[in-house]
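When you line the sequence shown up against the working numbering, it's residues 1186 to 1261, in that order.
The set of hints was computed from the structure by calculation and includes no laboratory data.
Do not take every clue at face value.
[To be verified] The calculated label-pair distances, taken between Cβ atoms and stated as ranges, are:
| no. | residue 1 | residue 2 | range |
| --- | --- | --- | --- |
| 1 | Ala1250 | Trp1229 | 47 to 57 angstroms |
| 2 | Ser1256 | Leu1215 | 54 to 64 angstroms |
| 3 | Arg1210 | Gly1243 | 43 to 53 angstroms |
| 4 | Ala1214 | Ile1237 | 44 to 54 angstroms |
| 5 | Ile1227 | Ile1198 | 16 to 26 angstroms |
| 6 | Met1226 | Ile1198 | 17 to 27 angstroms |
| 7 | Asn1232 | Lys1204 | 14 to 24 angstroms |
| 8 | Val1241 | Phe1220 | 23 to 33 angstroms |
| 9 | Val1199 | Pro1228 | 44 to 54 angstroms |
We put the beta carbon where it would ideally sit given N, CA and C, even for glycine.
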Amino acid sequence: MFNAVLKRSAMGIVSDIEKTLQIPRLGTALLAILFGALLLMIPWLLNYLIAIGMIVWGISEAVKASNTSKSSSSAK
């Protein structure tokens, strides 16, 4: 039963996408193929996104620490 509900909701989503974007069924199929290819690349992509996030976080923490040390030394 859950599988039938899940299948119906997925088909409803596809139908809504087709109506909203005004694309034919073949266009939706191609979008699904491209989305599937993107999902295959996610482990590779995810590694880069995590690495970039860590670098940005490290820089922001360094800036915060620098601002904190400047404000504490100017208060003395």
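For each hint, the structure was consulted:
1. About 32 angstroms separates the C-beta atoms of Ala1250 and Trp1229, a value inconsistent with the hinted range of 47 to 57 angstroms.
2. Between Ser1256 and Leu1215 the beta carbon distance is about 55 angstroms. The supplied range of 54 to 64 angstroms therefore holds.
3. Against the hinted window of 43 to 53 angstroms, the Cβ-Cβ separation of Arg1210 and Gly1243 comes to about 47 angstroms, which satisfies the hint.
4. At roughly 32 angstroms, the beta-carbon separation of Ala1214 and Ile1237 lies outside the given 44 to 54 angstroms, and the hint is violated.
5. About 20 angstroms separates the C-beta atoms of Ile1227 and Ile1198, a value consistent with the hinted range of 16 to 26 angstroms.
6. Taking 17 to 27 angstroms as the suggested C-beta distance range, the pair Met1226 and Ile1198 conforms, at roughly 23 angstroms.
7. Asn1232 and Lys1204 have their C-beta atoms about 37 angstroms apart, which leaves the hinted 14 to 24 angstroms range violated.
8. Checking the proposed 23 to 33 angstroms range against Val1241 and Phe1220 shows it holds: the Cβ atoms sit about 27 angstroms from each other.
9. The beta-carbon spacing between Val1199 and Pro1228, approximately 26 angstroms, falls outside the hinted interval of 44 to 54 angstroms.
Violated hints, in rising order: 1, 4, 7 and 9; the structure is consistent with all others.
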